[in-house]
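Q: First to last, the protein sequences are chains A, B and C. To convert, note that position 6 of the first sequence is -7 in the working numbering; the numbers rise steadily by one, no gaps. To convert, note that position 86 of the second sequence is 73 in the working numbering; the numbers rise steadily by one, no gaps. To convert, note that position 163 of the third sequence is 150 in the working numbering; the numbers rise steadily by one, no gaps.
Hint data in this document are derived by calculation from the structure and do not stem from the laboratory. Do not rely on the hints blindly, as some may be mistaken.
It does not matter which identical chain is used: a pair holds within one copy or between any two.
Each computed BS3-like pair below joins lysine-lysine, with the alpha-carbon atoms no more than 30 Å apart [what the hints assert, rightly or not]:
no., residue 1, residue 2
1, 130, 229
2, 162, 229
3, 130, 221
4, 221, 124
5, 221, 159
6, 221, 142
7, -4, 330
8, 4, 337
9, 330, 71
10, 286, 142
11, 261, 124
12, 330, 261
13, 221, 286
14, 197, 58
15, 229, 142
16, 4, -9
17, 286, 170
18, 162, 221
19, 229, 159
20, 89, 58
21, 72, 37
22, 159, 170
23, 142, 89
24, 37, 192
25, 200, 89
26, 170, 142
The primary structure of each chain is shown beneath.
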Amino acid sequence: MVSKAEIMKVLAGYDPKMITIATVCSHSSLQIFAGARREGFRTLGIAIGKAPKFYDAFPLAKPDEFFVVEKYEDIISRAGELAKKNVILIPHGSFVEYLGAKRFADIPLPTYGNRAVLEWESDRDIEREWLTSAGCKMPALIKDPRDIDRPVLVKYHGAKGGRGFFIAKDYKDFKMGIDLTQKFNIQEYILGTRYYLHYFYSPIKTDGYKLSKGTLELMGMDRRDETNIDEIYKLGAQEELKRMEIYPSFVVTGNIPLVIRESLLPKVFEMGEKVVERSIELFGGMIGPFCLETIVNDKLEFYVFEISGRIVAGTNLNISGSPYSDLIEPGISTGQRIARDIKEGARLGKLEEIIS
Amino acid sequence: MVSKAEIMKVLAGYDPKMITIATVCSHSSLQIFAGARREGFRTLGIAIGKAPKFYDAFPLAKPDEFFVVEKYEDIISRAGELAKKNVILIPHGSFVEYLGAKRFADIPLPTYGNRAVLEWESDRDIEREWLTSAGCKMPALIKDPRDIDRPVLVKYHGAKGGRGFFIAKDYKDFKMGIDLTQKFNIQEYILGTRYYLHYFYSPIKTDGYKLSKGTLELMGMDRRDETNIDEIYKLGAQEELKRMEIYPSFVVTGNIPLVIRESLLPKVFEMGEKVVERSIELFGGMIGPFCLETIVNDKLEFYVFEISGRIVAGTNLNISGSPYSDLIEPGISTGQRIARDIKEGARLGKLEEIIS
Amino acid sequence: MVSKAEIMKVLAGYDPKMITIATVCSHSSLQIFAGARREGFRTLGIAIGKAPKFYDAFPLAKPDEFFVVEKYEDIISRAGELAKKNVILIPHGSFVEYLGAKRFADIPLPTYGNRAVLEWESDRDIEREWLTSAGCKMPALIKDPRDIDRPVLVKYHGAKGGRGFFIAKDYKDFKMGIDLTQKFNIQEYILGTRYYLHYFYSPIKTDGYKLSKGTLELMGMDRRDETNIDEIYKLGAQEELKRMEIYPSFVVTGNIPLVIRESLLPKVFEMGEKVVERSIELFGGMIGPFCLETIVNDKLEFYVFEISGRIVAGTNLNISGSPYSDLIEPGISTGQRIARDIKEGARLGKLEEIIS
Chain A
-12 MVSKAEIMKV LAGYDPKMIT IATVCSHSSL QIFAGARREG FRTLGIAIGK
38 APKFYDAFPL AKPDEFFVVE KYEDIISRAG ELAKKNVILI PHGSFVEYLG
88 AKRFADIPLP TYGNRAVLEW ESDRDIEREW LTSAGCKMPA LIKDPRDIDR
138 PVLVKYHGAK GGRGFFIAKD YKDFKMGIDL TQKFNIQEYI LGTRYYLHYF
188 YSPIKTDGYK LSKGTLELMG MDRRDETNID EIYKLGAQEE LKRMEIYPSF
238 VVTGNIPLVI RESLLPKVFE MGEKVVERSI ELFGGMIGPF CLETIVNDKL
288 EFYVFEISGR IVAGTNLNIS GSPYSDLIEP GISTGQRIAR DIKEGARLGK
338 LEEIIS
Chain B
-12 MVSKAEIMKV LAGYDPKMIT IATVCSHSSL QIFAGARREG FRTLGIAIGK
38 APKFYDAFPL AKPDEFFVVE KYEDIISRAG ELAKKNVILI PHGSFVEYLG
88 AKRFADIPLP TYGNRAVLEW ESDRDIEREW LTSAGCKMPA LIKDPRDIDR
138 PVLVKYHGAK GGRGFFIAKD YKDFKMGIDL TQKFNIQEYI LGTRYYLHYF
188 YSPIKTDGYK LSKGTLELMG MDRRDETNID EIYKLGAQEE LKRMEIYPSF
238 VVTGNIPLVI RESLLPKVFE MGEKVVERSI ELFGGMIGPF CLETIVNDKL
288 EFYVFEISGR IVAGTNLNIS GSPYSDLIEP GISTGQRIAR DIKEGARLGK
338 LEEIIS
Chain C
-12 MVSKAEIMKV LAGYDPKMIT IATVCSHSSL QIFAGARREG FRTLGIAIGK
38 APKFYDAFPL AKPDEFFVVE KYEDIISRAG ELAKKNVILI PHGSFVEYLG
88 AKRFADIPLP TYGNRAVLEW ESDRDIEREW LTSAGCKMPA LIKDPRDIDR
138 PVLVKYHGAK GGRGFFIAKD YKDFKMGIDL TQKFNIQEYI LGTRYYLHYF
188 YSPIKTDGYK LSKGTLELMG MDRRDETNID EIYKLGAQEE LKRMEIYPSF
238 VVTGNIPLVI RESLLPKVFE MGEKVVERSI ELFGGMIGPF CLETIVNDKL
288 EFYVFEISGR IVAGTNLNIS GSPYSDLIEP GISTGQRIAR DIKEGARLGK
338 LEEIIS
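Generate the whole structure from the sequences, applying the supplied hints.
A: Here it is in structure tokens:
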């Protein structure tokens, strides 16, 4: 991982009046660019092969400039050019995934947030250590498939975007479904409604919901829309469909807005607070937007099945605010909130605390 | 129930410039406080045990003051203190439920709306009388379980928050599922999509959709998100799941936004209109926000399965307006609409018509 | 079909300062009227029998005037009166359906958009020719029921509003479900999540996402909410329900908002672009709002199962903007976008290009 000292040296060479917010043209880039513009920043979109045409359709989100590379790795080799443009990078899911977490950690350019989070969220074991030690309930792991005594989710290692999962209700199901040539883990299937909670932690903000350092915000929430699991019931019972070799899959295609019962908000904040406090102890803090991916069962208990240590695509719903962020500042998006944090960091001389 | 005369005496002692909107810190309190602030009121949050921290995260909704009580009953015993603060209480689902409808009716403080509605909605028999005499179709009641000839919903008396329901498709199902030690009723299961319609009736507003007295508004609509019934299909057929002792439950965890086919709006207004007109005849009128909880079948017929005579949590989606309320006044929430009604009532010298 | 020359003659007689936007009071009329008002137009609502009362509840959407006819055909016979009011008609789904596509084409009044699209979307065969020749994947047609080797959707000809569909998983299902006295077609059932994409094509706009002529916009998207298919799973497996003679139906009752994975947007625009370009070649162009009704499978491939060549009811969600249109101009609806196009057309002397 590139050292903080090195990054700070790059940042020291920047023209503070020409800071440019940059990210890869995908995932949540529309709101990142739109939000940066609202806060008065220049914007730069990193594109592979050629500048995507569809930004032309969104004048308020189109970056001021495209930076076209041949392949993602070129972002590292051409970092000098980007540094000359006073670029601060905003990580998002696709940016990190396409480049790879290791390579992302090596980019010698100022990046919003703490890159140390990458390590903690990319490995399921230490992610679990972090979350459970912060007091989050997680679905139980089942070591031995013969112990399957309730519905489980079998996930192959490195499963991307929702393929490579299957549900088994007992050992027989497991045996019929499993591909033993791949690594997998077996997780209790928690039955309940899903809430993907979009938080924002700023170590430099001083008023609001206070943590040991800085403040926590709730920007919104969503539910992922997954093909084909969210529509398969229309065809009939899965038990029947299996005979036709039709199986459920879990590929995210979009997001649906929702709000949570207000009486659950204290618990929502308690979870967010503890996860951030624990991150401060473990690796200096998860900075900026993050998401707890939760299930609420019928005893109104939360189970966290994953954490994303950066902006998630569900925030794309809230490009003009959400029922939660509108109570902070009407119309603010997570993309804009990131830009605001950078603007405040620059104003207060505290960029070092939010950039790595 | 506290008498109207007594309430009016309390209200007469208030400083009209210092009216404070108060409610219990739960359910829909964020929008009630935020809406009251937008209309220029002071706000007070009644909290049990201690002031909840999460309001710090929502600066536009945080009440000016918390009033901490040990237990809900203290709201009655400490009403004198609240009266000195010129408090008008806003009822919501949790407020009424926690305190109990009877005790709520006894609070010797000015309360928005007509407390007589509590009696009419807390008893399923007279609720049914009200709604059917207003022309609403409701799911049929089945007296004798042996007459179950189609899917039914069996509800235990006093079932709260969605537990204590089950679906039976025939008498056999019923016999297997029923706990005969509890009281229950059996209701036809209406198959169709659900629309929770958020209305607002103001007896003092004169322009708009006119009733015999005052006007009716449509503020928005939602669908409740219920654990685990809204996710259970992913595990397979319920018939299969029963063998694993996994049963559906109906606990509300949140709300999802939607709009209804525009050609159904005349019927939506007709239902709201008739229910209000009938309430005026029966108990002097259901004032302020209310919700008809409906199912639309594939003949596009509405069935009303419940009424809530006050603000419902589904309005939390519309804290910055809805596709319906935006056509009345952009950005107005039900919480703000309540505050507006109180402000107008004060301005017109008509508080007596909307307070009880 | 009334000739363009005739329409242009009518339009030439209009007072350009008194243009009145008119449509039938249903479907998406609230946003059409509200949008027209925002752009400074007079509005007129065509109603059958009597003026609907519910518009009184929406002061920002209530038309300036109602034009009450006895039956839809009177719109044609009384066209002279409407011409005197300088009326430009906005077509929507109910308007065209109630009047019939053929009669709609004959109305001797200026109508927004290109009426030639009616012919291309009302016949499934030429609709398929248009879409597939534009490069859209569509569900395969199965000619012979004995070839059913996967789930299919059987649609009776002229099925309206979602009745008259059924799902068959094999030939046996088909035989049990089919009514051979009716005409039907058999379509592959594509399993995946549904995105109804709301586009806007203006031949007279010059900046933005450019086509061979004019520009393409993405105003929003939705998912249709259908009774009873979207709730039937709660009762148990369809296989079981059939024994009780409970069958799925597909009647649209409303719409749910959502956003799509940002990485799918290039494909969304590519589809919209090709469909418009092809429409220009085939019949002079589909002008104004249109909707591609798509399914995304778990390989992230789009299937288009239908096109609507005018405003769809799903845009009713976005009466105050959507996460997409807000990046064009905050708060703009499709209804307002139509009015804007007419205003721009008038300003630029190009009404002829968007009116027929």
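Q: Does each hint hold? Answer for all of them.
A: Here is how each hint holds up against the structure:
no.: 1; hint: 130 / 229; in the structure: both (26 Å within a copy, 26 Å between copies)
no.: 2; hint: 162 / 229; in the structure: both (14 Å within a copy, 22 Å between copies)
no.: 3; hint: 130 / 221; in the structure: between (34 Å within a copy, 23 Å between copies)
no.: 4; hint: 221 / 124; in the structure: between (32 Å within a copy, 22 Å between copies)
no.: 5; hint: 221 / 159; in the structure: both (25 Å within a copy, 18 Å between copies)
no.: 6; hint: 221 / 142; in the structure: both (25 Å within a copy, 16 Å between copies)
no.: 7; hint: -4 / 330; in the structure: within (19 Å within a copy, 54 Å between copies)
no.: 8; hint: 4 / 337; in the structure: within (16 Å within a copy, 44 Å between copies)
no.: 9; hint: 330 / 71; in the structure: within (19 Å within a copy, 45 Å between copies)
no.: 10; hint: 286 / 142; in the structure: both (26 Å within a copy, 18 Å between copies)
no.: 11; hint: 261 / 124; in the structure: within (12 Å within a copy, 48 Å between copies)
no.: 12; hint: 330 / 261; in the structure: within (27 Å within a copy, 41 Å between copies)
no.: 13; hint: 221 / 286; in the structure: both (28 Å within a copy, 19 Å between copies)
no.: 14; hint: 197 / 58; in the structure: between (42 Å within a copy, 27 Å between copies)
no.: 15; hint: 229 / 142; in the structure: both (19 Å within a copy, 25 Å between copies)
no.: 16; hint: 4 / -9; in the structure: within (22 Å within a copy, 56 Å between copies)
no.: 17; hint: 286 / 170; in the structure: between (33 Å within a copy, 22 Å between copies)
no.: 18; hint: 162 / 221; in the structure: both (26 Å within a copy, 19 Å between copies)
no.: 19; hint: 229 / 159; in the structure: both (14 Å within a copy, 17 Å between copies)
no.: 20; hint: 89 / 58; in the structure: within (16 Å within a copy, 54 Å between copies)
no.: 21; hint: 72 / 37; in the structure: within (19 Å within a copy, 51 Å between copies)
no.: 22; hint: 159 / 170; in the structure: within (19 Å within a copy, 40 Å between copies)
no.: 23; hint: 142 / 89; in the structure: within (22 Å within a copy, 52 Å between copies)
no.: 24; hint: 37 / 192; in the structure: between (38 Å within a copy, 25 Å between copies)
no.: 25; hint: 200 / 89; in the structure: within (28 Å within a copy, 46 Å between copies)
no.: 26; hint: 170 / 142; in the structure: within (9 Å within a copy, 44 Å between copies)
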